[in-house]
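Chains A and B, in that order, give the protein sequences.
Our numbering puts the first residue of the first sequence at 1, with every later residue one more than the last.
Our numbering puts the first residue of the second sequence at 1, with every later residue one more than the last.
Don't read these hints as lab results, they were simulated from the structure.
Treat the hints with care, since some could be wrong.
[As the list claims (entries may be wrong)] Restraint ranges, calculated between C-beta atoms of paired labels, are given here:
1) B/93 x A/158: 18 to 26 Å
2) A/307 x B/115: 30 to 38 Å
3) B/93 x A/27: 18 to 26 Å
[Unchecked claim] Sample of chain B residues at the chain A side, in silico, Cβ under 10 Å:
4) 28
5) 47
6) 106
7) 121
8) 124
9) 137
10) 140
[Claimed, not checked] Residues from chain B shown here face chain A by an in silico Cβ test under 10 Å; the list is partial:
11) 26
12) 30
13) 48
14) 74
15) 78
None of the values given here were measured: they were computed from a predicted structure.
Backbone N, C-alpha and C fix where the C-beta goes; we use that ideal spot for every residue, glycine too.
What follows is each chain in one-letter form.
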Amino acid sequence: MQINKISVIILPLLVILMIFAGSASANEALFYKEANLIGGYSSRDHWVGKSNDLTNSIGFEDYRKFSNDYGDYLTTDLQVRLAYDSTQNSHNAWGIQIHNAWLLYKMNYAAKLRVGHFDPAFGLEPQLDTHSTILQTLMMKDIGFKKDWGVGLEGALPKFDYKLALQLGSGMGIHRRDDSFLLTSRIGTPASENFQYGISFLLGRVLESEDMKTIPQDKLLSDKAISKKRIGLDSQYLFGPYLFKGEVAYGENDSKKVLGYLGELDYTIPRYQNWELELQFQSWINKLGESSSDDSTLTLGTSYKLNQSTTLRAAFSHDFNSMGQKEDNKILLQFYFFGA
Amino acid sequence: MRKFLFSVLFLFGIYVNSFAAVGCSLDDPDRDVKRLFPESTGYLTKLLTLKEIGGEALKIKIEEKLGDKFDTVYEDLDVPYAYYIVLKGKDRIGYIHGVNQKGKFGVLQLVIAANLEGRIIAFYYQRISSPESSKFRASQFTGQFKGLSLEDFYKYNVSNNSLSEGRITKISDPSINSPEDFRATLRGIKKDLILLDEFLRGAVK
């Protein structure tokens, strides 16, 4: 299926979201402005204007709830930003990223249908949403993107939450090549528990792209999809001022066995609770049993919430051996605004 | 064509009223509403900020009722609050409202379910970081708040943590080393009830 055929499905959805976003018919609405400024210094790349996963950007989020006499039945969310990638030439540096673009229709109290651009149901990422934080989960290394276009079914049972998603396998852009698709599922404990855990499964044929844009479309690295299979475990434990996070994913990329794992410890300073310290180690092995196929990073970070809307972050990271490249030490500073 | 559509999308976006980051909404309202009100058939979510419905004057009024100043991060004027009107068919049968409250080690998320008269029918912690969280979450503790109303909490003085009379005096701290979280819980529930009262009586939404 080529892009035009997919557009027949995707574009009507975006038109519906646009109409919702501009309409006064929503019963309740929230509108957030967002700005992300990030930069730093790397011993390998020198001055950098982005992290591995974050670029400088400005944008907005429009969140709405629709209801009738019998209650809420539909939620919509549209989160869009204009992003600048300093590693690209001036012609390719600017782009529009559609981060969230979904409709969530309530079928009953235990099942909701989601359509649009949203998280694959795999691992720690859907529980955390790291779209604005320097410290990341394994999602980018695991799948190659954090959001994808498709449909999903989700809900909450008395003891467990479940999610199931069938998506294009293309990420930020809207592509379908080489029978690409992404099927993910996760079942886990509710987010209100101090000790949370989940198990995830992934099966797909995933496309790789050069960057993270919806407009203009990001370029594919290849028209060939990568066959992926995964099983993942994730957990979080909140204890006093400490929050432990961990995840592990194991599976195959085509015929290569892959393994990734992450551990993170966050510490909220009790006396100054808008100040947090973070320590994370993550490793990704692209071909088990082969040397120089792993990418491991240790990051020490801090975040300080100036007020309800503004957060300052800083991080020092040491990249041990980035897939055969030389070691790297990096310092990043971030200003993040999300609010009125 | 697609470029045009997205240009329109941006134009729609910038004319929408602005709000700020959400305070304490329910993690999964469908499950939580059904658990708290098994007879319910639906709910309406209401979103609003103090800035919208009364601004600084309302904030001062609420601080006076609370008997304490608001925190600059957790209780900012821009914090949108979510409260839920619980329905059976088309009829209201209760309310659910949650607040963020600064605790000993981090934010507490306190949620109350109230009947139409404003009496608590259930209270629980959506988030509590205390090492003694299981004692706070235990129904032997949370169950003691059932039947209390804002009138009861007006007898609790937040600033000096004193109780003049009434049922609240019988509620004791379940923890050994976390009296700060016990006091934060009483302050948070009082704030929760005051805000819910303002939201409902204000009839802004």
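Results for each hint:
1. B/93 x A/158: 18 to 26 Å: 21 Å, holds
2. A/307 x B/115: 30 to 38 Å: 36 Å, holds
3. B/93 x A/27: 18 to 26 Å: 19 Å, holds
4. 28: 4 Å, holds
5. 47: 4 Å, holds
6. 106: Where the cut-off is 10 Å and the nearest Cβ of chain A is about 5 Å from residue 106 of chain B, the hint holds.
7. 121: 19 Å, violated
8. 124: 8 Å, holds
9. 137: 8 Å, holds
10. 140: At about 18 Å, which exceeds the 10 Å cut-off, the nearest Cβ of chain A leaves the hint on residue 140 of chain B violated.
11. 26: 9 Å, holds
12. 30: 4 Å, holds
13. 48: 8 Å, holds
14. 74: 8 Å, holds
15. 78: Holds. Min distance 5 Å.
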